[in-house]
Amino acid sequence: MGTNQRGIMQQVWDFFCSLKLTLFLLITLAITSIIGTIIPQYPNIDERYWATISTARRAFYDKLGFFDMYHSWWFLALLAIFSINLIACSIKRLPHVFTFIREPAVTISETQQKIFMCKDFKLQGSIDESRDKLAAFIESSFAKPVITQAGNQYHLFAQKNPWCRLGVYVVHASILVIMAGTIIGNIWGYKGFVAIVEGETINTVKSRNDKDIPLGFEVRCDQFTVTFYDSPGGGPQMPKEFKSILTLTEQGKEIPGYKHARVIVNEPLTYKGITFYQSSYGQANNPTTFYFTIRDRENGKLEQIALRPGAHTRLPDGRLAAIVDLTDNPGEGLAAVVGIKDQEPEPKFFKVYKNRPELDELRGDKLIFVFTGTDAKLYTGLQVNKDPGVWVVWIGCIMMCVGLCIAFFISHKRVWIVVQHGYARMYGNASKNQPGFTIAFDALADEFNRQNI
Amino acid sequence: MLSAKLFNVTTIFYMLSMLAFFGFLASRNKIAGTAGSALAWLGFAIQTVAIGFRWKESYDIGMGHAPMSNLYESVVFFAWSIVLIFGIIDIKYRYRVIGAFVMPFALLGMAWAQMYLPADINPLMPALQSNWLLYHVITCFLGYAAFAVACGVSGMYLIKSRSEEKNTEAAGGMMSHFPPTRVLDDLNYKAIMVGFPLLTLGIITGAAWANYAWGTYWSWDPKETWSLIVWFIYAAFLHARFTKGWVGKRAAWLSIIGFMATIFCYLGVNLLLSGLHSYGSLN
Ligand code: HEM
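Protein chains in written order, with our numbering: chain A, 2 to 454; chain B, 221 to 503.
Among the hints, a few may not be true.
As a list, the in silico DSS-like pairs of lysine-lysine whose alpha-carbon atoms are at most 25 Å apart [what the hints assert, rightly or not]:
{"hint": "1", "chain 1": "A", "residue 1": "192", "chain 2": "A", "residue 2": "273"}
{"hint": "2", "chain 1": "A", "residue 1": "241", "chain 2": "A", "residue 2": "352"}
{"hint": "3", "chain 1": "A", "residue 1": "302", "chain 2": "A", "residue 2": "367"}
{"hint": "4", "chain 1": "A", "residue 1": "21", "chain 2": "B", "residue 2": "469"}
{"hint": "5", "chain 1": "B", "residue 1": "443", "chain 2": "A", "residue 2": "192"}
{"hint": "6", "chain 1": "A", "residue 1": "161", "chain 2": "A", "residue 2": "145"}
{"hint": "7", "chain 1": "A", "residue 1": "241", "chain 2": "B", "residue 2": "276"}
{"hint": "8", "chain 1": "A", "residue 1": "433", "chain 2": "B", "residue 2": "312"}
{"hint": "9", "chain 1": "A", "residue 1": "254", "chain 2": "A", "residue 2": "207"}
{"hint": "10", "chain 1": "A", "residue 1": "342", "chain 2": "A", "residue 2": "352"}
{"hint": "11", "chain 1": "B", "residue 1": "312", "chain 2": "A", "residue 2": "161"}
{"hint": "12", "chain 1": "A", "residue 1": "433", "chain 2": "B", "residue 2": "469"}
{"hint": "13", "chain 1": "A", "residue 1": "212", "chain 2": "A", "residue 2": "273"}
{"hint": "14", "chain 1": "A", "residue 1": "207", "chain 2": "A", "residue 2": "273"}
Computed spacing ranges between beta-carbons, pair by pair [as the list claims (entries may be wrong)]:
{"hint": "15", "chain 1": "B", "residue 1": "247", "chain 2": "A", "residue 2": "50", "range": "10 to 20 Å"}
{"hint": "16", "chain 1": "B", "residue 1": "354", "chain 2": "A", "residue 2": "210", "range": "34 to 44 Å"}
{"hint": "17", "chain 1": "B", "residue 1": "328", "chain 2": "A", "residue 2": "283", "range": "43 to 53 Å"}
{"hint": "18", "chain 1": "A", "residue 1": "121", "chain 2": "B", "residue 2": "354", "range": "50 to 60 Å"}
Non-contacting residues of chain A with respect to chain B, defined by C-beta distances greater than 10 Å in every case (computed) [stated by the list, open to error]:
{"hint": "19", "residue": "62"}
{"hint": "20", "residue": "254"}
{"hint": "21", "residue": "326"}
No wet-lab data here; the hints were simulated from the structure. Note that beta-carbon positions come from the ideal geometry of N, C-alpha and C, so glycine has one too.
Modelling step: build the complete structure from the supplied sequences, incorporating the hints.
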């Protein structure tokens with residue numbers, strides 16, 4: 002390799018090792034990330050959005066990948082450079098850190114003597130005697146010292162937590178681990194969706210690009226239910242729980258523990274690395290029968306009736322009732338529109354909310370309707386994921402938290418005592434929390450004075 | 221409801237505390253500083269009780285959940301976190317004047333919540349029914365609060381360093397009460413050192429929760445992305461200390477920018493951008 006070439010290699014290496022690059026990348030990532038929070042991102046782009054921007058702008062954005070910004074080539078390139086920067090910095094520095102930990106500076110240098118905190122002491126006995134007493138003292142009140150002779154001096158060196166210097170590298174490694182986890186998930190995992198009608202069974206799910214993915218087992222939806230909060234004021238009803246009851250089978254055989262298993266929001270179900278999340282629901286078919294309970298206001302007698310679209314049904318009091326419509330407005334919940342025909346030519350229409358008996362009482366009719374349901378089946382919409390990388394991501398997250406705590410809250414403390422005849426000087430240094438260490442150092446000095454060495 | 225009354229009392233205490241700290245700044249009277257801290261702590265104690273009551277009240281009306289699920293509750297909790305972090309720093313470092321720069325944040329939060337935000341206890345929609353909500357909110361907000369303190373300290377740094385440069389300061393003037401710039405710079409760093417791991421935990425618990433609820437730990441929705449932007453800014457702050465020239469003023473500015481991004485992440489995203497977070501828009 003020519004010197005010129007080596008020069009270039011060296012420059013490239015220095016470029017990737019530089020902390021200026023790190024700063025540039027962190028700030029650039031922060032600023033560019035804003036784009037995707039302002040411009041709508043695929044696949045959540047509302048069709049109406051296109052009308053609000055010009056075609057030229059759309060083409061421009063498209064070219065720069067702004068509609069899928071976080072997966073655009075340039076954003077991924079930034080992330081790639083970011084990880085190279087991280088790896089290069091670690092390769093460059095880690096060996097030094099290991100040396101620093103394994104072969105600490107057991108004698109204190111001139112420069113260190115100038116900048117580290119220190120205290121002076123008078124000694125009584127011979128230098129060898131003092132040295133041994135000091136060694137015992139520092140071992141009992143701080144850490145076991147290493148003793149080195151330097152000219153007519155002895156340097157006693159003791160340290161605590163040198164390994165905490167590695168905390169930063171645990172943090173940096175954790176970032177790479179998390180990235181690896183997401184890559185694993187992207188390559189060997191998938192995200193899919195399936196809608197299962199109550200009572201039916203499926204064994205494949207649809208991927209994002211509309212391909213069928215076989216699960217390798219079957220899933221039956223036994224039941225889907227929605228429950229609501231009571232709304233005492235009669236206000237809009239808030240859903241409380243969406244619940245699917247699923248049974249998993251393998252070649253028709255039930256799997257122990259997966260019979261009538263429950264899936265609700267925030268409590269997914271996992272089998273063989275595939276996880277089912279409650280995500281949506283809906284009606285699978287138009288109902289053909291509507292069920293009501295009717296209560297007579299006077300004598301309280303209850304009667305069940307069924308109404309069918311297109312047909313009239315005679316009520317207990319002789320009037321004719323017909324089902325007109327089914328509504329499901331957000332916040333109101335399911336309601337049936339019922340028409341009752343009395344003497345007048347025009348029928349009277351009214352809305353009956355599902356499971357809200359108190360509301361129909363207000364209508365004042367002598368028959369109080371309670372809408373109990375229809376024969377329509379519901380389907381449950383399940384998000385189906387396989388992500389073999391998710392554990393790697395969580396391990397990375399734990400590493401990051403542990404690493405941050407080590408890097409910020411554990412301090413590498415070092416103490417040197419330079420012993421001469423009749424005289425000693427103690428130096429101290431800590432990598433974090435200097436004020437805290439100053440107090441500890443002063444306490445150590447007081448202890449020293451009490452020893453009468 | 222009792223909790224609402226107690227929150228009003230809290231707001232008054234924070235206001236008095238702030239005024240006491242301002243008085244301390246102006247008069248250099250030690251008693252005013254002590255009163256400021258004492259009032260802040262009292263308000264904090266009352267607010268803690270009030271949050272407990274609100275939690276219990278939600279159970280009484282049959283929707284039991286931790287009081288951290290809508291904008292009102294989160295702003296109240298944010299104010300609480302700020303006072304907590306300030307209190308810890310107050311105990312540890314005893315630089316009372318910091319209160320004059322931090323308590324206004326807490327007061328602003330409480331006043332806004334009490335005057336303008338709907339305080340009803342709402343039932344929790346299914347996606348929010350998770351213990352992760354609690355862990356996520358607590359870690360995020362303690363982190364935000366630490367950044368608020370860092371921002372206040374940075375403001376002090378900039379004021380103090382300017383007056384030192386211009387040398388306008390009369391001996392014994394208001395500035396002499398400010399901690400030395402070296403200390404302010406260090407406090408800024410310390411507050412971020414507390415906030416950064418908390419924000420990291422907040423992002424992680426959010427990801428874990430999203431993974432339970434939707435099956436994706438990261439989907440680049442605006443809220444998530446902004447929390448990452450904030451994270452990048454503070455990571456830049458931490459690394460900037462290792463390269464020359466990025467302590468002192470530049471660090472103070474970076475800390476202020478970081479807190480502005482934090483506030484945008486917390487409020488701006490919900491009010492200006494759309495997303496799937498619970499408190500949604502104001503209306
Ligand atoms: C391109 C990416 C990065 C590079 C090259 C890089 C490099 C470095 C270097 C060289 C140090 C100084 C280590 C020392 O000698 O003490 C450091 C410190 C640190 N880095 Fe990074 N870093 C990167 C990204 C990150 C990110 C994204 C985080 C976020 C968690 C992070 C967290 C830290 C922390 C917490 C410290 C310790 C700071 C302190 O003690 O004040 N780093 N980094």
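Violated hints, by number in ascending order, as checked against the structure: 15
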